[in-house]
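Enquirer: Chains as they are written, first to last, in this note's numbering: chain W, -18 to 363; chain F, 286 to 633.
Don't take each hint at face value.
Claimed, not checked - Label pairs and their in silico Cβ distance ranges:
no.	chain 1	residue 1	chain 2	residue 2	range
1	W	Gly34	F	Lys372	38 to 48 Å
2	F	Thr465	W	Pro(-16)	33 to 43 Å
3	W	Gln0	F	Arg607	38 to 48 Å
4	F	Thr536	W	Pro44	49 to 59 Å
5	F	Lys537	W	Asp227	52 to 62 Å
6	W	Gly38	F	Arg298	45 to 55 Å
7	F	Thr618	W	Pro44	53 to 63 Å
8	W	Gly330	F	Lys524	40 to 50 Å
9	W	Gln0	F	Val371	36 to 46 Å
10	W	Gly38	F	Ala541	39 to 49 Å
11	W	Trp(-1)	F	Tyr478	20 to 30 Å
12	W	Gly38	F	Thr465	55 to 65 Å
Worth flagging that the hints you see were computed from the coordinates, not collected in a lab. We treat Cβ as the ideally placed atom computed from N, Cα and C, and that holds for glycine.
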Amino acid sequence: MRPVAIVAAGMTRFGELWQSSLRDLFVEAASEALANARASRLDAIFVGNMAAGQFVGQEHLGPLCADHLGMAGVAATRIESACASGGAALRAAFAEVASGMSDLVLAAGVEKMTDGAEATAVLATAADQEAEGYQGITFPGLYAMIARAHMAAHGTTEQDLAAVTVKNHRHGALNEKAQFGRTVELAEVMTSTMVADPLRLLHCSPVSDGACAVLLCPLDQARKYTDRPVKIRGSGMATSSMALADRKDPAWLDAVHESAVRAYAMAGVEPRDIQVAEVHDCFSIAEICCIEALGLVERGLGARAAPSGETALGGRIPVNTSGGLKAKGHPVGATGIAQAIEIFEQLRGDAGKRQVKGARIGLCQNMGGSGASSVVHILERA
Amino acid sequence: MSGIAGYGAYVPRNRIRSEEIARQWGKDPASIRRGLLLEEKSVPGLDEDTITISVAAGRDALARAGVDPQKVGALYIGSESHPYAVKPSGTVVAEALGIGPRVHVADFEFACKAGTEAMFVAAGLVESGRVEYAMGIGADTSQGAPNDALEFSASAGGAAYLFGKTDLLAVLIDQCSFTTDTPDFWRREGQFYPRHGGRFTGEPAYFKHVTAATRAMLERTGMKPSDFRHAIFHMPNGKFPLAVGKDLGFTKEQLATGWLVATMGNTYSGSSPTGLAAVLDVANPGDKILITSFGSGAASDSFVFEATALLPERRARGRTVRSMLDGKRRYLTYGEYAKFREKIILND
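Model the full assembly from the supplied sequences, consistent with the hints where possible.
Expert: And the structure:
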């Protein structure tokens, strides 16, 4: 395998972007990435997208995106792994370049969620339809059960959950691309509307529109496009049982753990080497479970990280400096690429007020469903 | 010069509290009160509809004007709950009020703007000299699907305005509109309840159009917010009219009298017209009044009126809006409400 680098990134603002269609969003992000690399050609495009067919009635995103980017003719395909679609697209692009098949590949993610579809119902199709969907449960309910399991096993409290939201909003307020550029107080989170006990509105990531794109090439060609490339040191993906009820411990995200083990092994690093991480906080409980499964904190101690400041900017291991899915927004198919862009910018020293000083190695973790699929990438300043 | 020769409003006596609706659906009433600023809303009785509300409001308008109904040359009713899909509400209302048959009648529909639309056209016909008097009515028994956010606001009521050129209670200084194709809220043929685009009904719809129409009006008249004693903005919930008023530079005091939504709910086509009636109930001669409606789809109509010296004595001839909002009320359980709103399916 050839070493692979990310050389450029492009990203729309995240939010309720009434004036932009799915193709507009993709073209904005992809064009920005190409312009930043001064690249005018591509060998392949991978578009991470969960559910354009349901959200906007549009499938066949590969040619659609290539065409509207002015690149009809280029190999292009859509990659789907529910909310981990972006991470999966990045992994496909990484493999395409590492294998020697292509030299310049765009890994993108896009989701247009606010065109009128019932977002919660569409997202619920990423759960096990026969075991879960037909019983009427949607993701807030599934993650509420994960939260209850975590509370029962480890003494996690509602205040611990709320602390994750407060931290991520504080980070998001420093990110001009974020959907919510405001901070929230603990009391506001803990009295917000109940969605699925114990998860309240401010424990849930929003419904968002947005697109992201990164450009990948072999490391030895990276200097053609940028003087500050970022190397992809490791990529790991894993799956778990689709239905939450089939997991041995619902408070332990085994696919996240396994995908991390694989990425650490490829990268030759350990959790203690990670200096900044973006993890999949679709609900506040998810961040707590993910940092445990990634080994960033000890198993069972995830809930203490946000209240202690350990995972805040300036803490031992800053997590979700972008604001995370909670504050930055969660256009599902775009999220995995957005996470990689945050780490890319952190490692290049471009993160502005969110900069983690001296960060050389960072991790991004993107998952689908209630944790049935997970993708981890480990990036390093080259 | 034309203006309002008579006005009247009507709000049904039945109410349902936000708590009662929230309790039914397991929602948190505190967050409704805090988020939407809604305490309770009016509910039509089993024998009340857009037509009866229009007749009740129209009678007070004629009484305040002291005008022979036979002199009314046009009658327009704006509503999104006309009892018939095909067959006008206006014909029944005209006959009940003793208006016509030499009268031009039409039913208008433009979501929540239909009432000011009727006023807009009525005022224009009078101004042109085509008719001596014209009545514009906005009335609704608004629909909101069970367990939708709209259920906390959709209410019943309306107001009627008789436009003329003599013995005016308020002079019409100017009127204008701002309209674009913005599908934020709709009900298709055959559907029982409207659908809406959630937050899309806010910034790109309500705020954009109310702001643009109001700014256009200020520009046309050369007036500034501080020139007005009262301002009324369409009230889909408690928050929107206060927010848009603040953005435009109006004070809480200017908005207070016409802001009825917390206890009346959103009477759709009747909303801002009823707010105007509440203002005319207390306005002093010389007071300048701004009203800007909003209808999904989407557009806003904006009007500027100036109260005359005749207003104080004439308004005593009819019921005030506050007397209906604060007077005798009957609180319904959700079950009674469901029956009154015909949400329960019965065998014929």
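Enquirer: So which hints don't hold here, by number, going up?
Expert: Failing hints, ascending: 2, 12.
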